[in-house]
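K.L.:
Let the hints inform the model, and build the full structure from the sequences given.
If you read the sequences in order, they're chains W and P.
Quick note, the first sequence lines up with residues 1 to 99 if you use the working numbering.
Quick note, the second sequence lines up with residues 1 to 241 if you use the working numbering.
Be careful, since some hints might not be right.
To be verified - Computed beta-carbon distance windows for the label pairs:
1) W:35 <-> P:117: 24 to 34 Å
2) P:154 <-> W:26: 25 to 35 Å
3) W:3 <-> P:136: 47 to 57 Å
4) P:197 <-> W:37: 19 to 29 Å
5) W:19 <-> P:238: 26 to 36 Å
6) W:98 <-> P:112: 55 to 65 Å
To be verified - Not the full set, but computed from the structure, chain P residues with beta-carbon under 7 Å of chain W:
7) 56
8) 164
9) 207
Don't read these hints as lab results, they were simulated from the structure.
Glycine residues also receive a C-beta, built at the ideal position from the N, C-alpha and C atoms.
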Amino acid sequence: MPDLQTVAAILSIGAVSIAMRLSGYLAADAVPKAGSVARIIRLAPGNLSIAFVAVGCFAGGWTSFIGSVAALTGMVLLKRQWAALGVGFIAAALVAALR
Amino acid sequence: MDMTIIHSGCGSASPVFTAAGFGRGMRAAAPFLVSNGAAGMVMGLAYQGLGLTLVSAVLFSLVVYSGTAQAVTLGLWRFPLPVVAMITACIATNARYLVMGAHLRQLFSGLPRRRVLPTLLLLADASWLMTTADAERNGADAGYFLGSSVPMAVGWIGGTALAYVLPIKPTGVIAVAASLIPLAFIVTLLPGQWRGARMWLPWSISAAAALVTAQFVGSSWAMLIGGAVGTGVSFLQGDDA
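P.N.:
Rendered as structure tokens:
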């Protein structure tokens, strides 16, 4: 059985995720399609992603770094997320086995 | 879902919600059953590595249903759970749904809300893109949106569950590699977010700010603060995505 803290966290994140999906439709007139706020919404994902990756690679050491580089290379070359994840997974497993 | 054929006009100006559109969307998105299934499975492996039960993992993929938000919150997963940081990260990474939802409202204007709103629970980047493209060819059809969303959701949630059912247990080297999956998931999104050489400066500053934050404030807030600083730099140098 999952513990209550885990379930509560998942449901909280889920509620936010559902609210984000519905809010844009419900408040369409209030959601800016141009201007500064819209630009920030468009610019944020890339910057958030690279910040997440930097911390993950730093914290995970060589295994994470090489696995990430392999996944990135896989994505650029194969253009399939599931295949790139497989490449990253195999690379990280190989590095972990060699260390 | 109960669907009534309202109108089935190819290229019609007024939006419709048709069974024919549903079928067309299902067929067009069928390959996602496999690709989302595979990606969902690796996410399930990562959940196993963290010690989450099958019920928790499936619940995660069912109610959150966002690879980006799930990967990011998974990266923050340590007890006591930093729920505020996780929710903030979820809002930041899912802010794009606001824009997508507002666009779908324009596309499906005139259709009853009670019919469209439940379908938005399955809103995904790919189904939104496919629906937008299909609307230009065949007219706006909420049935197509729902039909294209179903294989993606079934693949993702089913794949997460499958990781627990198949005889794959993340121990040793496999456990180490599985712990990389949330990070690798975000890494695979980077090429799609790269907009050319102008990204070097804000992305470098994002990364540096995140590392400094992780060192002195804590890793839970590193992504948010680093991302915010980088977004500010992108904004100031006049970028647009």
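K.L.:
Give a verdict on every hint.
P.N.:
These are the hints, each one checked on the structure:
1. W:35 <-> P:117: 24 to 34 Å: holds, 27 Å
2. P:154 <-> W:26: 25 to 35 Å: holds, 26 Å
3. W:3 <-> P:136: 47 to 57 Å: holds, 48 Å
4. P:197 <-> W:37: 19 to 29 Å: holds, 26 Å
5. W:19 <-> P:238: 26 to 36 Å: holds, 32 Å
6. W:98 <-> P:112: 55 to 65 Å: holds, 59 Å
7. 56: Interface hint status for residue 56 of chain P: holds (4 Å vs cutoff 7 Å).
8. 164: violated, 13 Å
9. 207: Hint on residue 207 of chain P: holds, closest Cβ of chain W at ~4 Å, below 7 Å.
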